[in-house]
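For chain A, the structure is supplied; the task is to place chains B, C and D on it using the hints.
Number of protein chains: 4
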Amino acid sequence: VIPIDPASSRTSVRVRVRFAETDLMGIVHHASYLAYMEVARVEWLRRRGVTYATWADQGIHLAVAEVSLKYRAPARFDDELDVETSLGEVRAASVRFDYRIVRAADGTLCTEGATRLAYIDHTLSLRRLSPEMIEALARAERVIAGS
Amino acid sequence: VIPIDPASSRTSVRVRVRFAETDLMGIVHHASYLAYMEVARVEWLRRRGVTYATWADQGIHLAVAEVSLKYRAPARFDDELDVETSLGEVRAASVRFDYRIVRAADGTLCTEGATRLAYIDHTLSLRRLSPEMIEALARAERVIAGS
Amino acid sequence: VIPIDPASSRTSVRVRVRFAETDLMGIVHHASYLAYMEVARVEWLRRRGVTYATWADQGIHLAVAEVSLKYRAPARFDDELDVETSLGEVRAASVRFDYRIVRAADGTLCTEGATRLAYIDHTLSLRRLSPEMIEALARAERVIAGS
Amino acid sequence: VIPIDPASSRTSVRVRVRFAETDLMGIVHHASYLAYMEVARVEWLRRRGVTYATWADQGIHLAVAEVSLKYRAPARFDDELDVETSLGEVRAASVRFDYRIVRAADGTLCTEGATRLAYIDHTLSLRRLSPEMIEALARAERVIAGS
Chain A
4 VIPIDPASSR TSVRVRVRFA ETDLMGIVHH ASYLAYMEVA RVEWLRRRGV TYATWADQGI
64 HLAVAEVSLK YRAPARFDDE LDVETSLGEV RAASVRFDYR IVRAADGTLC TEGATRLAYI
124 DHTLSLRRLS PEMIEALARA ERVIAGS
Chain B
4 VIPIDPASSR TSVRVRVRFA ETDLMGIVHH ASYLAYMEVA RVEWLRRRGV TYATWADQGI
64 HLAVAEVSLK YRAPARFDDE LDVETSLGEV RAASVRFDYR IVRAADGTLC TEGATRLAYI
124 DHTLSLRRLS PEMIEALARA ERVIAGS
Chain C
4 VIPIDPASSR TSVRVRVRFA ETDLMGIVHH ASYLAYMEVA RVEWLRRRGV TYATWADQGI
64 HLAVAEVSLK YRAPARFDDE LDVETSLGEV RAASVRFDYR IVRAADGTLC TEGATRLAYI
124 DHTLSLRRLS PEMIEALARA ERVIAGS
Chain D
4 VIPIDPASSR TSVRVRVRFA ETDLMGIVHH ASYLAYMEVA RVEWLRRRGV TYATWADQGI
64 HLAVAEVSLK YRAPARFDDE LDVETSLGEV RAASVRFDYR IVRAADGTLC TEGATRLAYI
124 DHTLSLRRLS PEMIEALARA ERVIAGS
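Protein chains in written order, with this note's numbering: chain A, 4 to 150; chain B, 4 to 150; chain C, 4 to 150; chain D, 4 to 150.
Please keep in mind that the hints were generated in silico from the structure rather than gathered at the bench.
Hints are supplied without guarantee of correctness; some may be wrong.
Pairs involving identical chains hold if they fit within one copy or between any two copies, as the list cannot separate such chains.
[What the hints assert, rightly or not] No farther apart than 20 Å at their CA atoms in a straight line, the calculated lysine to aspartate or glutamate pairs in the DMTMM-like style are these:
no., residue 1, residue 2
1, 73, 101
2, 73, 144
3, 73, 124
In isolation and in its complexed conformation, chain A is listed as follows (with noise of 0.2 Å):
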């Protein structure tokens, strides 16, 4: 378990709604939210000078091991959303994730939860966080130009 500093651990993603993400009662269907914190996950590691794919290519693997989500208010077509997305904990096998998605225009909340990501080798067994990984969770966000 790391210490983890509230104000550096927190990153949001806008993302906006695709129509291919809706569903027939004409909101966005609920495992929709799943790949926007995924999105948001990759952002989150990326302004801290991590490239997921890079991880990838190595055998490193953050797989989802628990979700919970609630679900607030309804998101539609073509809104913008941010993902405000934090470090909640680090284990030694494993870390957690919290979210809030939130319309930004108007704030109000969408959908709140906590993915649980354990760290897995390209044979799927279970790893322990190296010393590199738990100094890149730590890490607050660096200013990035442009989008």
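Okay, now just chains B, C and D, sitting in the frame of chain A:
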């Protein structure tokens, strides 16, 4: 709250993993399981005489309000999975279904979890379950001929 | 180019439309049909004795190289669709499958189209079809017991 | 049929490949490109002053009627892709968009294709394009500040 008979509240629905449902780790993407659970709920209702598409046409929606999932073992392309689905709780305006997703070939538990579904109408307003809905939810699975 | 027997080259695979496959128009999203065709190809091969998952494990991939689709009538949530799949052409390094997706309840043609699939290995290099692959593609559908 | 100015009819929209959009071959699944093209069409319209979500709310839908795609080179997780989108043809009741999807890092053409979109109303009946729609389609892209 209505009493639930565990024996009659359980239905098993088989799905086969599609190629499109895998990801670059070579295993089923974690969001795909939400689709399997959705398929299983629709079949759970069908085997109790309810065509969910008819409910949806009438503006009766069981919208996903909460999700919790634990991933125990990976499933792979072309695996046959049994989605064991049980009614877990019935409240005034929502129901909970519990799931165990098991690989048919060897009985491995791949994923387990629960979804709470809120009854909302076509205006997305929360509604109390009607006596007819509660009666349907309390039914046992009927014998189905064919697949 | 091998000769194709139209009678033996045809297989019909039934799928049921999932809730997640619809969009806010209340109909099946156009991209969902590609998933149905993929499911049908895998079953087309299975009924000729080929488990595509085994080919994939061996690094034999039939990657989609071309798609053409015409959407004739919308399909809806919970519709049962018959994906009529025929081998259309076999070339040195690719095959073409033709599809008609028909609503089972009333025979309405929803979508028709074709996909060309290129044989590539695990390095994504184009390969010539082996005699064993061509022999498998020329087989007639076997009688399948059960679903 | 209206005349189309090739220079003003072109818009490039960048997307980044999501993890969920890959498959077990380690590359972008072929159906994912339809989602990218859909995103690009929505942005194509936005840069000409049309919010497609507003059209959809009004029952104005540009439904996909035909798709043709050729896959030239695989794209991978985390690749940035430029979806170059051009209005190709305007008919009485439909329009065609043409696409080239290019990997931003090295200019590799990954996929090219076209979609024909039919104008249908909320009853799914085919309609003739209105003068207002034709005027909007003939607009040049406006300068957009920010992303």
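Name the hints, by number, that the structure is in violation of.
2
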